[in-house]
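Asker: Chains as they are written, first to last, in my numbering: chain A, 1 to 295; chain B, 1001 to 1303.
Since the hints were derived computationally from the structure, they do not count as laboratory data. Incorrect hints may have been included.
[Unchecked claim] Incomplete in silico selection of chain B near chain A, CB under 10 Å:
#, residue
1, Leu1096
2, Gly1115
3, Leu1131
4, Ala1276
[What the hints assert, rightly or not] Distance condition first, Cα-Cα at most 27 Å in a straight line; then the derived DSSO-like pairs of lysine-lysine:
#, chain 1, residue 1, chain 2, residue 2
5, A, Lys112, B, Lys1224
6, B, Lys1224, A, Lys282
7, B, Lys1217, B, Lys1201
8, B, Lys1217, B, Lys1299
9, B, Lys1194, A, Lys16
10, A, Lys16, B, Lys1114
[Stated by the list, open to error] Every beta carbon over 12 Å from chain A, so not counted as near; a handful from chain B, in silico:
#, residue
11, Gly1029
12, Pro1166
13, Asp1207
14, Lys1217
15, Leu1282
Think of the CB as a built atom: it goes at the ideal place given N, C-alpha and C, for glycine as much as any other residue.
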Amino acid sequence: MSTEMATNKRYRDKQKRKDAFISIFIGFFAFVWIFPILWTVWTSLRPYNEIISYGIFSRPRSLNFDNYVNAVKEMEIAGYLLNSAIVTIPSVILTLFFGSLIAFVVTRYKFKFNLTILLLFTAGNMLPIVLTYIPVFWMFIWVGELFGNRNMFYNNYAGLILVHVAFQVGFAAFVLSSYMKTIPKEISESATIDGANVFRHYWNVILPLLRPALAALSVLMTTWIYNEFFWALVLMSDDSKRPITSALRRLQGQYVTDFNLLAAGAIIAALPTVILFFVLRKQFIAGLTLGSTKG
Amino acid sequence: MKTATTSKKTRSRRSLSKTDRFTLSAFVGIPTLLQILLLWVPAVVTIFLSFTYWNGIRLSDIRWAGIQNYKTIFLNEPLFYEALKNNGVWLAFFVLVATPLGILLAYQVDRGIKGHAFYESIFYLPVVLSLAVIGIIWNFMLQPGGFVQGLMGLDIGNAISIWGNPDINTWVILGVASWRHIGYIMLLYLSGLKSVDPALKEAAAIDGATEWQIFRKIILPTMKPVNIIIVVITLIESLRAFDLVYIIYGSPTIFPLLNLLVFQNFAGQGLSMKGAAYAVILLVLCIVPIITYLRIVFKEDLK
């Protein structure tokens, strides 16, 4: 008995020493990890002239938010952020709505096509996106011309939103349906016996139960859609309609000579997802792990 | 009793009223239609287009090309082989270095060291950043007048081009890509590790197992489903890679990747539909990991 306790103690002491050593190592690694971000923040707080005349590592003579003020003014950041919101918010809501509909039907009703549908959606989410660029681009232009308005989908927020929804709904349907499988079937049965029709069964019974999964997914989807920028480059010909993530690419070329200003622009562009992450970290992680570790 | 349940079942099947049936068809139909129209139809059309010449303007201009586009790519396109090589190196680096590092970090952070939540946040931070922002951030580190060149004692006047140097740019790009990938893998792995019983580890350690033995004999087998998923994600991410390189270079000539070639041939030289052929080649490469993934996640349903 006492020898066992001694081994236990020796083990714990050894672990403690190891933990201390590993903490230092991890701490160092974490510093290296965050350094580029800190450097960008640092750069964004200093005027460009100072770096030109005194060098990269010069002692700061003035630290302020001038670059941020100028970025908002010169780069028209507010407009781009608004574009991002116009695209991201409806895309996320529609993706979750459609995803939950599919999940609801395939897990609560026994149709023959259930598995096919779910496979179709999940596989669709994994296709290389470039496989669809050319046809979607021409389809949007043609459909627009058919209705006499070339910009109905092409160069229009609506087109971008539809594309985002079509691509993300597969992930949402998959995650929500694996979540739904954990909700007991009896709840649905009693709802049906009580005479609830399909819509009320979905809206009043299932949707409230899905809330935690929807919260997790919405954080993840917002991050993904906000950060996506290729579709906006392909489908938006007016730069003024592009979301901020896509606009950054052009700004990078334009402000290459004043990179302190660009640093401020990049930080502003990153802020929405970073804030979202810090406020709803749990949901973000839950969203990612819900989708990938259901084995 | 038995008849009661069967009658209840038939009733619930039959009890779907007309309205209910309509609602259900709309519930499934609308999302499926969107998915088919904007994803599956375009995918099939791209496969078809890869066998044609077309400038994309009028449908009547489409000319059958047979396998000519593929022939051009395979025989006359040095960039294609360079892209294959780069994607291969990318894949190898992610599988052999970045992913194991992410797992190692997850394993170490999982020991519950002091401030682990803080460290986790730092490692996850790059995962929430867009690649556009990541490109800009790393430019500040590496471009003339950036941090690294400053450290090397090179001011703007006699700076060197790190991105343009073919001897090192592969490793620099892979490093930046790993900066994001490692956090992602760590996040996925850590959530799996939390479900491993710590008593198991402790018991093994007291019996004299080394850390490496514990990891190989206890952690890896328990984490098998997560391991496979992570490998598949790594494969797909490596094949799909290009956003970062596009942000840095804007064209595929310096560091070609398959995806980048699709994009360039789509935007630049539509005539031959070579872009479509590149996309199909990419699809063929992705098919094995995709099917593997689907088979894992639908294991029970497919039975």
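Asker: Double-check Gly1115 of chain B for me: the hint is only fine if its C-beta lies closer than 10 Å to a C-beta in chain A.
Answerer: holds, 8 Å
Asker: Is Lys1224 of chain B close enough to Lys282 of chain A, meaning Cα to Cα at most 27 Å?
Answerer: holds, 24 Å
Asker: Regarding the pair Lys1194 of chain B and Lys16 of chain A, is the alpha-carbon distance no greater than 27 Å?
Answerer: Holds - the C-alpha atoms of Lys16 of chain A and Lys1194 of chain B are around 20 Å apart, at most 27 Å.
Asker: Report holds if the minimum CB distance from Pro1166 of chain B to chain A is greater than 12 Å, and violated otherwise.
Answerer: Given a closest Cβ separation of 22 Å, the condition holds.
Asker: Over 12 Å to the closest beta carbon of chain A is the bar; see if Gly1029 of chain B clears it.
Answerer: Not fine: 10 Å to the nearest Cβ puts Gly1029 of chain B too close to chain A.
Asker: Is the Cα-Cα distance between Lys112 of chain A and Lys1224 of chain B 27 Å or less?
Answerer: It is violated: about 31 Å lies between the C-alpha atoms, which goes past 27 Å.
Asker: Please check whether Leu1131 of chain B passes as an interface residue: C-beta within 10 Å of a C-beta belonging to chain A.
Answerer: holds, 7 Å
Asker: For Lys1217 of chain B and Lys1299 of chain B, compute the direct alpha-carbon distance and say whether it is at most 27 Å.
Answerer: Status holds; Cα separation ~25 Å.
Asker: Given the hinted pair Lys16 of chain A and Lys1114 of chain B, is their Cα-Cα distance within 27 Å?
Answerer: Holds, at about 11 Å.
Asker: At a threshold of 10 Å, is the proposed contact between Ala1276 of chain B and chain A supported by beta-carbon distances?
Answerer: It holds, given that the least Cβ distance between Ala1276 of chain B and chain A is near 6 Å, below 10 Å.
Asker: Asp1207 of chain B: least C-beta distance to chain A exceeds 12 Å?
Answerer: violated, 9 Å
Asker: Measure nothing beyond the straight line between the CA atoms of Lys1217 of chain B and Lys1201 of chain B; if it is 27 Å or shorter, mark the hint as holding.
Answerer: Roughly 10 Å separates the two Cα atoms, so the pair holds.
Going down the numbered hints, you'll see the structure goes against 1, 5, 11, 13, 15, while the others check out.
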